[in-house]
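Chains as they are written, first to last, in my numbering: chain A, 1 to 272; chain W, 1 to 385.
Among the hints, erroneous ones may be present.
To be verified - Simulated pairs of lysine to aspartate or glutamate, EDC-like, Cα-Cα distance not exceeding 20 Å:
| no. | chain 1 | residue 1 | chain 2 | residue 2 |
| --- | --- | --- | --- | --- |
| 1 | W | K80 | W | E381 |
| 2 | A | K198 | A | E228 |
| 3 | A | K93 | W | D151 |
| 4 | A | K259 | A | E114 |
| 5 | W | K80 | W | E3 |
| 6 | A | K70 | A | E187 |
| 7 | A | K259 | W | E343 |
| 8 | A | K93 | W | E3 |
| 9 | A | K188 | A | E114 |
| 10 | A | K93 | W | E347 |
| 11 | A | K265 | A | D91 |
| 12 | A | K195 | A | E95 |
| 13 | A | K259 | A | D132 |
| 14 | A | K248 | A | E261 |
| 15 | W | K35 | A | D132 |
| 16 | W | K153 | W | E282 |
| 17 | A | K75 | A | D232 |
| 18 | W | K35 | A | E187 |
Claimed, not checked - Covered by chain A, per the in silico footprint, the following chain W stretches (three or more residues, Cβ under 8 Å):
| no. | stretch |
| --- | --- |
| 19 | 30–38 |
| 20 | 123–131 |
| 21 | 157–163 |
| 22 | 210–218 |
| 23 | 342–355 |
Hint data in this document are derived by calculation from the structure and do not stem from the laboratory. Note that the structure is predicted; figures quoted are calculated from it, not measured. All residues carry an ideal CB built from backbone N, CA and C; glycine is no exception.
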Amino acid sequence: MSMDRRKFLKAAGLTTLVGLGGKGVFELLKPGAVEAEMTHGGHGEEGHGEKDAGPKVRWAMLIDVMALNKEKIEKIVHTCHHLHNVPNWGDPKNEIMWIWEDEYEHVFPDSYNEYNHILNGMPFLLMCNHCDNPPCVRVCPVQATFRRPDGIVAQDYHRCIGCRFCMAACPYGSRSFNWLDPRVHLEKEIAEGRKLNKRFPTRMRGVVEKCNFCVERLAEGKPPGCVEVAPDVMFFGNLADPNSNVRKILKERISLRRKLELGTKPSVFYLI
Amino acid sequence: MIEKALKGSSVYWGWIIFLLCVIGAGFMAYLYQLKVGLGITGMSRDISWGVYIAQFTYFVGVAAGGVMVVIPKYLHHYSKYAKIVVFGEFLAIAAVVMCLLFIIVDIGQPMRMLNVLLHPTPHSMLFYDMIVLNGYLLLNIICGYNTLLADKKGVPCPGWVKPFIYISIPWAISIHTVTAFLYAGLPGRHFWLTAIMAPRFLASAFAAGPALLIMILLFVRRVTKFDPGMDAIQTIAKTVCYAMITNLFFMGCEFFTAYYSQVPGHMHTLDYLFRGLDGYGELVPFMRAAIVIGLFGVFLLLVPPIRRNTKWLAVAAASVFVATWIDKGVGLVIGGFIPNPFETITEYHPTLPEITIATAIWGVGALIVTILYKVAISVREQQAA
């Protein structure tokens with residue numbers, strides 16, 4: 001009995017190892033499908049002409065701030081919060097936010113320039129930066145938040161103990177805690193006509209959550225929800241591939257990343 | 001030996017019952033929190049740690065402060081501490097238990113607490129905090145209980161306890177260092193991101209812990225037949241004085257770096273705490289009072305005739321305790337979240353259930369101190385008789 005179990009676990013462990021180390025990641029994410037939608041004109045051979053170091057996939061999000069307007073912001077936020085069953089508490093104390101709007105001076109408080117009349121007051125979209133060097137992952141005592149091989153900083157709602165160390169560590173205010181039971185509030189919203197997304201779990205109170213770059217959609221070969229509803233604003237792709245859509249855009253546009261001086265290496269870029 | 005806690009005057013039992021009521025009220029409030037969630041507290045998305053973690057931080061200091069009587073006794077053979085070192089250790093036990101309780105009430109999913117053991121994560125400072133706090137609790141139980149037991153029997157402390165006593169000294173330093181590292185290693189929280197966080201924590205700990213010990217020992221001296229010895233208490237007072245001056249010096253260093261460099265990130269939280277920022281400044285009177293009370297305490301301790309006066313000594317110890325409590329048990333943790341990462345301000349108002357729970361944990365600490373001190377004092381009275 002115990003031998004059987006051990007053998008099974010060993011086999012399962014080996015499969016996982018092979019899956020993580022080799023091609024498995026690509027198959028798991030079906031990047032072919034995602035990339036086809038993401039890339040304009042396809043991408044060349046992997047690592048072509050570059051040193052074959054570093055990860056082969058590092059997902060990144062580009063947000064064209066110049067193309068943003070109130071209507072698009074509302075659509076993006078609504079879509080994301082619908083897809084992930086984020087309750088709408090309507091008060092800043094309990095609020096859960098995966099993607100939200102704020103002004104330039106709050107998004108880039110360290111580079112605020114009172115004479116910059118173009119950027120000041122301009123609406124930006126904020127979300128988890130899926131840092132390459134994430135402080136939240138460093139401080140989590142139970143590895144409930146972890147960095148996947150494709151660069152996505154994920155959150156395990158079933159392991160999180162709710163210590164909120166990650167919230168103190170995140171310099172971007174990207175994490176929300178379920179101070180009260182979100183399911184109770186969702187019930188209320190459903191009674192008022194809100195629809196639940198049955199394909200994504202709701203959370204329980206006492207755990208932390210945040211943007212997950214739509215891992216559940218990537219696994220099905222779909223782009224993140226925000227990209228789908230606003231393809232002219234949000235661009236998602238592989239930062240590690242020099243020929244990817246996002247790298248091409250970054251070559252042509254001026255981009256900003258939040259609080260670079262902290263060494264977190266954000267994967268969210270703002271195009272201006 | 002523990003049975004000595006069961007024999008006491010009606011005042012003793014009245015006090016115990018009072019504490020049990022305080023703890024009971026807090027327990028009810030905790031059940032409510034467990035059912036509804038941490039939303040019943042004043043914490044929010046912006047101020048994600050509040051009273052609980054602030055009190056946790058403060059009492060780690062009180063626990064570490066016990067080492068200030070252990071070092072002179074065991075490293076310098078300062079014999080005047082022979083009778084009181086156990087009181088330092090017992091105070092540390094109570095303080096560590098309080099710390100552990102403050103963590104438990106703060107986490108959102110307490111039934112998953114053992115995940116910290118199930119998924120040990122050496123890159124998380126909380127993992128080390130768990131190890132050092134539980135280790136320190138165990139060390140103090142071993143050392144405190146066995147030295148007292150030996151005293152009771154009138155025999156020297158068994159040799160195997162000695163290594164644990166010596167280990168407990170650097171261990172005490174470690175608990176507060178690791179606790180400081182919880183804060184001092186976070187990017188983007190300018191107020192906490194300072195290399196002197198751990199030294200400052202230790203300085204305030206070595207002031208606060210012994211100050212509390214002085215207050216309790218003065219009380220013990222008044223109401224029981226056991227005399228801890230005025231010489232010993234005076235020596236503790238000198239320790240408190242040195243430590244508090246060091247603490248205020250470190251605080252001054254923080255002010256200098258912030259205001260001379262004029263870097264906004266370094267100034268903002270200090271502005272909020274001591275001057276008010278963008279019209280917000282609820283903590284200003286408290287933080288200013290902390291400085292004044294702290295300086296007042298130092299003054300009382302610095303002037304020998306005042307320090308030797310028992311009443312003034314009690315006032316001095318209370319001043320130091322209150323000043324460090326406001327500074328570390330209120331300002332330090334809350335201040336770290338103000339302003340938030342968007343440079344806006346959300347203030348924090350603890351709620352009644354939250355305060356009831358925190359008070360209950362103070363009650364647990366007081367209960368442990370009462371029971372352990374009752375045992376220790378009974379043994380000492382027996383020795384004297």
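Okay, the hints, checked on the actual structure:
Between the alpha carbons of K80 of chain W and E381 of chain W the distance comes to roughly 17 Å, so the proposed pair stays at or under 20 Å and holds. Under the criterion of a C-alpha separation no larger than 20 Å, the hint pairing K198 of chain A with E228 of chain A is consistent with the structure, at around 19 Å. Restraint check: the Cα-Cα separation between K93 of chain A and D151 of chain W comes to about 55 Å, which exceeds 20 Å; the hinted pair is violated. For the hint pairing K259 of chain A with E114 of chain A, the CA-to-CA distance comes to about 18 Å; that is within 20 Å, so the pair holds.
Using a Cα cut-off of 20 Å, the hinted pair K80 of chain W and E3 of chain W is violated, with the two alpha carbons roughly 27 Å apart. Annotation: proposed proximity of K70 of chain A to E187 of chain A is violated, straight-line Cα distance about 28 Å (limit 20 Å). Between the alpha carbons of K259 of chain A and E343 of chain W the distance comes to roughly 13 Å, so the proposed pair stays at or under 20 Å and holds. Distance check on the hinted pair: K93 of chain A and E3 of chain W sit about 48 Å apart at the alpha-carbon level, beyond 20 Å; violated.
Distance hint between K188 of chain A and E114 of chain A is unfulfilled; the C-alpha atoms sit about 43 Å from each other, more than 20 Å. Distance restraint check for K93 of chain A and E347 of chain W: the Cα-Cα separation of roughly 11 Å lies within the 20 Å cut-off, and the hinted pair is therefore satisfied. For the proposed pair K265 of chain A and D91 of chain A, the alpha carbon gap of about 31 Å is over 20 Å, so the pair is violated. Note on K195 of chain A and E95 of chain A: the hinted pairing holds, with a Cα-Cα distance of about 19 Å set against a maximum of 20 Å.
For the hint linking K259 of chain A to D132 of chain A, the alpha-carbon distance of about 13 Å falls within 20 Å, and the restraint holds. Using a Cα cut-off of 20 Å, the hinted pair K248 of chain A and E261 of chain A is violated, with the two alpha carbons roughly 25 Å apart. For the hint linking K35 of chain W to D132 of chain A, the alpha-carbon distance of about 37 Å lies beyond 20 Å, and the restraint is violated. The suggested pairing of K153 of chain W with E282 of chain W is violated, with an alpha-carbon distance near 55 Å, which exceeds 20 Å.
This hinted pair checks out: K75 of chain A and D232 of chain A have alpha carbons roughly 13 Å apart, not beyond 20 Å. Of the supplied pair hints, the one linking K35 of chain W and E187 of chain A holds, its CA atoms being roughly 17 Å apart against a limit of 20 Å. Coverage of the stretch 30–38 of chain W by chain A holds. Counting CB-CB distances below 8 Å, 3 residues qualify, and the rule asks for three or more. Against chain A, the stretch 123–131 of chain W contributes 6 residues with a C-beta closer than 8 Å to a partner C-beta. That satisfies the three-residue criterion, and the hint holds.
Check result for the stretch 157–163 of chain W against chain A: violated, 0 residues qualifying (beta carbon to beta carbon below 8 Å, three or more required). Closer than 8 Å: that is the beta-carbon criterion, and the stretch 210–218 of chain W has 0 residues meeting it against chain A, so the requirement of 3 is violated. Coverage of the stretch 342–355 of chain W by chain A holds [criterion: at least 3 residues with CB-CB distance below 8 Å; count 4].
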